[in-house]
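Trainee: Below, each chain spelled out in residue letters.
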Amino acid sequence: MPPEIMRPETEGQLADLIRGAIAPLSITGGGTRPWPGEGGGTHLDMTALTGVTLYEPEALTLVVRAGTPLETVRQTLAAEGQMLAFEPVGRDGSTIGGVAATNASGPRRVQAGAARDAMIGVRFVDGQGEVIRNGGRVMKNVTGYDLVKLMAGSRGRLGALTEISFRTAPLPPVTLTLALPDLDAAAAIPALSSALGGPYDVSGAAWLPGQGALIRLEGLAASVTSRAADLTDRLQAHGAVTEGNPQAWLLLCPNTQDPQADIWRITCRPSEAPAVLSHLPEPLSLDWGGALIHVRLPADQIPDLPHFSGHARRIRGAAPALHPAADPLTARLERDLRAQFDPRGLFGGDA
Amino acid sequence: MMQMPPPDPSVLSRRQAITDALNAALPGAVIQDPAETRAYECDALSAYRCAPLAVVLPRSTDEVSRLLRLCHELRVPVVPRGAGTSLAGGSMPTADAVVIGLSRMTDVLEISAPDRQIRVQAGRTNLSVSGAVEGLGFFYAPDPSSQLACAIGGNIAMNSGGAHCLKYGVTTNNLLGVTLVLMDGSVVELGGPMGEGPGLDLLGVVCGSEGQLGIVTEATLRILPRPAGARPALIGFDKAETAGACVAAIIRAGIIPVAIEFMDSPCIKATEAFAHAGYPDCEALLIVEVEGTPPEIDEQLALIRDIAMRFDPVEFRESGSDDESRRIWLGRKSAFGAMGQMGDYICLDGTIPVTALPRVLAGIGDLSRQYGLAVANVFHAGDGNMHPLIIYDANAPGDLDRAEDLGADILRLCVEVGGCLTGEHGVGIEKRDLMSVQFDPADLEAQMRVKDAFDPHWLLNAAKVFPLDVSAPRRDRRLNRTPHAA
Ligand SMILES: Cc1cc2nc3c(=O)[nH]c(=O)nc-3n(C[C@H](O)[C@H](O)[C@H](O)COP(=O)(O)OP(=O)(O)OC[C@H]3O[C@@H](n4cnc5c(N)ncnc54)[C@H](O)[C@@H]3O)c2cc1C
Ligand SMILES: Cc1cc2nc3c(=O)[nH]c(=O)nc-3n(C[C@H](O)[C@H](O)[C@H](O)COP(=O)(O)OP(=O)(O)OC[C@H]3O[C@@H](n4cnc5c(N)ncnc54)[C@H](O)[C@@H]3O)c2cc1C
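Top line first, the protein sequences correspond to chains A and B.
In terms of our numbering, the first sequence opens at residue 43 and continues consecutively.
In terms of our numbering, the second sequence opens at residue 581 and continues consecutively.
Chain B with its partners taken away, still in its complex shape (with noise of 0.2 Å):
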């Protein structure tokens, strides 16, 4: 079980003089009564819950700037948050914290053709960025599956990524610049053309600090063009080792597609069975994309299928229109919805050296049977992020603990073969406590630094990512100072 730091007890001695400051500065943007706070208790990280002590809906750059500045003056701990669907716990408030939620911020600022970019407020959503600029033959590239809900904002604190990242990056690679609101309510712009500030790349390191370090309010994102056309293919074989050894051969013999998606036999079988996608039913499959227009398409995917063909699949299957790449994807893309049919899941999100792909299914393996829980891979295959699902009976008393203690052994296993704890979930409360096998203490020292320089009283979101005893130091530095009379 994750634990908290208790909260602040100045704090909630103050609750009434804290939402009648809020309510003056900003009428009409404070959520204070427990029925309507609710929604806002937890992320999709939903095993944790905690009632914040105000949220507050903000319109603008401005009204957040006074309402960190407020805070800043009141010493009141803010948790800021965007459409919530993190998985590692990253917005989920503590019951000392103001939430600010930017899902009132919404517009679109400009869009550039000539430069490729667009700018819009950070609580727009991820797909509908995508749609803003649709009619121009663009998209916004980092897809993560959560895109009809999750916002430009959460995405730039988690540095989320996407099935496309292999070709296009992530968040990081693809955010030109951010207008920034520090602690104190003080408002920077970051980055520039290309991405590029003056200075130091200051922008690099916001983007995936999870909330840490200010409130994104402001993103200028770059855009691509839409490419001509995209196919998949499907690739069946009768072992996981051999499916890891084609993916190499893929990549060895200089072919990027734009997605490798894998998906091990439980896997393939839950999926099967909730969605009829048609799969084979063998050990593990792949879905390879390529894009580009009709005669490219042709090129890349018979080059993948002469890789293939030497790996001897059980089953090649190459989509020859949009209705045969439709039900190829069906199956993916319900995966994570047929694990929720065989039960409560944990979904993991460490990545490895695709080299070490044979050697951590096995200890998957090992580890599934000795808890005695199932577990089931699918996964982004051309960059090692693993999305082990863990599946467990919420109602049975100890099985979360344990569901949760076999997520630890996994992701230590993934660090040990040179991999690390998070590929684009963010570390949040759920992996915060784990943080020490990835690194030395030098290392997160070093991080904590950065937050000393952006929030040196550590207001911002304090009790995530590093773990509790290794931040306490810095967290109860705060505690002792006299907050200003309300």
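Just chain A, same shape as in the assembly (with noise of 0.2 Å):
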């Protein structure tokens, strides 16, 4: 049975649903990367909360509805030679607030930051139906406390955001990928680590099965061609640099058709990360340096990972699942601050 969908106009509308709400509620966006155990009771579609409100391109600034598609703010954006730093991952559908409820990521992170660092401001409904601000549109801003951050990657828990500000950033005029194609996901993490530790100004670091480690820089042409031959001469010892494949940053989300088999997504520090990955098949991917690591699993499959300092999740599958669980104070404090944003509980999907 289909679930049934509620899909508000306004702000206003939304908060007397949330308000007049008596069973569980799904916040949605273009529902293009739902976690296993979400997407339960009415749904609560954002796709019509749309339009940019304002953009200030001199002043790096955007401030977006939820709803709007993903695509229409790159658009936007790059009629003005910009863009958003952080890189967000997103397929057909996506909603810039669904990036934002899951502080979705690419590889500029390592040097631009995550969705939640371009974050600056916020509006959101509660539980109880109340529209709350926070932050603004000025990327410095320590007034209060930052509940900006506490939305970014809070999946709907607590609360629909409505509107967005992003601090934008240039695009970059030029763009360079090297790559070291012998190497192994393993052998990639000292490469990525090297090009990482030094002063290249690095704005990607990952790896994909054939096409070994790839490394990107971006900038003004003369910074580019001098900072790759540098970088170039101290990559050599990892093995042969070639020039890569452009097209490959866009790979690095892994594509999640195959029903048969669930999808992973772990943290951890790069240094740990060939340990990880020797109890692990050959992984999808790995980004963020080795931070990240995207493996597929058959189905229902717990991995048996060593002790290490992050976490994995299974993002593709049928129940939800993390290793190591969250420490029991962590989840208190979770729970209380949900308690206190959704008394009644109404946001549920516990992944």
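Mixed in with the good hints, there may be bad ones.
[What the hints assert, rightly or not] Listed below are several chain B residues computed to face chain A (Cβ distance under 10 Å; list not exhaustive):
| hint | residue |
| --- | --- |
| 1 | Glu879 |
| 2 | Val934 |
| 3 | Gly962 |
| 4 | Gln1018 |
| 5 | Gln1027 |
[As the list claims (entries may be wrong)] Reference listing, derived: stretches of chain A covered by chain B, where coverage requires no fewer than 3 residues with Cβ under 8 Å from a Cβ of chain B:
| hint | segment |
| --- | --- |
| 6 | 96–110 |
| 7 | 191–201 |
It is worth saying that the hints were derived from the structure and are not from the lab.
Because the structure is a prediction, the values reported are computed rather than measured.
Backbone N, C-alpha and C fix where the C-beta goes; we use that ideal spot for every residue, glycine too.
Given two chains presented individually in distinct reference frames, assemble the corresponding complex, making use of the accompanying hints.
Mentor: This is the structure:
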């Protein structure tokens, strides 16, 4: 049976719907990225809340409603030679609110930070139907608590984002990709760390099967050329360095169509990645210098990993799974916060 | 004048029992002699001071945990303290509070070059974090001007910024994890690789929470490879608006310098008289700094020169050597010292959308004349974080009040044009009662609910950040609870 759907067209309607709700709600954007366990109850569809509220390229500021398609945002910015520096990954239908609510961040995170770092203001409706503003439209702001960060990546558990302010960035005039095609995933890690540890302003450090280690440089032409030469010298010790495929950066989001397999997302310190990888099949991709691993595992399998400082989560598959489980104190704080913002427990879906 | 709530009589009446219990818990770490607690009576907002009940200087997370558990049981308020350089009164005590100072917690716990991170105790100074990784070719990016003195724990509590944040971000963008001791003494690890924990971004809300959610005892910080070099250019203009337009044009052209600093003519005149940096006598000047290898720097400065020339500057001076760079920065770096020569000053910290710069500068000029107090402007122009300095005479009766009223009006103007009350110094007590200018009751309520989850009894630094009348019901709730026997 398809879920019941409510599609508010204004923030006021949204607040009324939440205030009047008596059963669990799943806030949905494009519905392109629910995690296992998400999406139960009535769908609160955000895609009618669209539009750019304010765009000042010379102030690097964009304010946009949450249901706006990511693609619209990309085109609006590109028309002025700008972008969202955190390189949000999306597919047809992804909304900017979904990007914010998942903190979805691409390869450039190593240089420019995550979605949370570019988010400078939010409006949202909490579980009591109250409209709350935090942050604003300026990039330097420490007035009161930073609920913007709390909402970034909160996956609809505290409230429904209706509007988000972003810091934008100029599109780089020149991009160059270097590759070390001979390296397997584990061998790529020291090469990526070496590149990120030197003065090359690396804007992407990843690995893909069949392509090897990938390193991206961006900026003004002369600058990219001189950094590429220096970096190539430094990397020779790890293997042959060639020019890489510039399209590779778009492939870092694993394709998730295979229904027979689960996909796991693992974050760790790059120095821990080789040990983590030794307990896994060949990964689908590495990103962020090795701090992010995507791997396909047989359905329902839990990976047997050594102790490491991050966590592993099943992002595709039947049942939610997180390893190691959140410690009891963190879990208590999250529960208490959710009880504060959503005392009736409307925003259920637990992953 | 800022008011503080009256101290809790039920705490004051138990003073002896409380200090006895602290001494028993942590012998040798407690300071209670009024002569010695004097140094803890205020922070850099020194017009306001108050002697605390006692000061305790723990050495480890475990000691902080024991102290907080004890204070929690006794229902004694606590004020966390780093180096006491807050300009907002954030670390000023109340008479019924125990100050927990982290000045003995300065160790480096781990440095990892492959992971580009360092872990330190939170009492370590900002500058000495960079110092610890310098030899490896790294630095810690957030660089508040107080970096020689201020502590990482204070930086995290205030989400401090610095001159280079246009490129590198502020503290929250460079923080990967913390060990946080909650008011009940429990210890929690927040963050993780890339700053990510498994669930809600609790690290993100702890950063900038002004010591109201817990005490940070250890922090993992992102370190960055030191750029090959940096060089500034100095550009003088005969109109402030032109300088503002030039900033917009540089950013519009796709160049993000590491720093764009702005000084207006009162500020230029004062620093010239004080530091003799050789600045042109003009209405406004910009210092624009770029980074990289020599060819990269040349490429960027050439573009900036082309843009600046379109605005007909009275001077464009590009640094060609380390010595010239030093001279260009000399005036900017001595600006606050120079103002100190002119009298006492209040340093404001509002942020505005950079597009509102001309309007705000004109508005500040009008207000300055209206109040009869001089205001000099020096600020981070790339990100709109203004630092208007109001010059007053602390010995003239009523002058401080007038200066504070002028400051409040300037901050109201910042909010009116779409900006905010504070860009990097924090709210503390200074901007506490202006919060309702920027936020609706529901917005403040949402923030206070976060504190309810972390510190249900409102014992940690409770008289800060929220307007006193707004936080009163929550603070008073605490007073009605019967404390356990000491
Ligand atoms: C192949 C691929 C892999 C990806 N991998 C990851 C990954 O590993 N981790 C990751 O975080 N992202 C990942 N993303 C990116 C990202 O999650 C999505 O592309 C996109 O951001 C989701 O947008 P959506 O509108 O479809 O969101 P939806 O799929 O509709 O929602 C995603 C989540 O956000 C919440 N949400 C949506 N809108 C709102 C709102 N307005 N207010 C509050 N909550 C809201 C939902 O409740 C849900 O929890 C990946 C994307 C692709 C294409
Ligand atoms: C000359 C001068 C220049 C300055 N320049 C800048 C600047 O460029 N940029 C900028 O952002 N700021 C600047 N400041 C302000 C100040 O230095 C910062 O706010 C700094 O981060 C405060 O650090 P501190 O260790 O001195 O903290 P304190 O003043 O001791 O405390 C500040 C706040 O943090 C809390 N706190 C302290 N330690 C902890 C902890 N371990 N856990 C939890 N809470 C804690 C306190 O309770 C208080 O609320 C300047 C100050 C001065 C005096």
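Trainee: Taking beta carbons only, do three or more residues of the segment 96–110 of chain A come closer than 8 Å to chain B?
Mentor: Coverage by chain B holds for the segment 96–110 of chain A (6 residues, Cβ < 8 Å).
Trainee: Have a go at the Glu879(B) hint: is there a Cβ in chain A nearer than 10 Å to its own Cβ?
Mentor: Holds. Min distance 5 Å.
Trainee: Under 10 Å, Cβ to Cβ, is where Gln1018(B) needs to be relative to chain A, so tell me if that hint holds or is violated.
Mentor: Holds: closest Cβ of chain A sits about 6 Å from Gln1018(B), inside 10 Å.
Trainee: Count the residues of the segment 191–201 of chain A with a beta-carbon closer than 8 Å to any beta-carbon of chain B: does the count reach three?
Mentor: Check passed, 7 qualifying residues.
Trainee: Interface hint check: Gln1027(B), Cβ to nearest Cβ on chain A, cutoff 10 Å. Holds or violated?
Mentor: holds (4 Å)
Trainee: Quick one, is the Val934(B) hint okay against chain A at 10 Å, beta carbons?
Mentor: Where the cut-off is 10 Å and the nearest Cβ of chain A is about 5 Å from Val934(B), the hint holds.
Trainee: Holds or violated: Gly962(B) as interface residue toward chain A, Cβ cutoff 10 Å?
Mentor: holds (9 Å)
Consistency note: the structure conflicts with none of the earlier hints.
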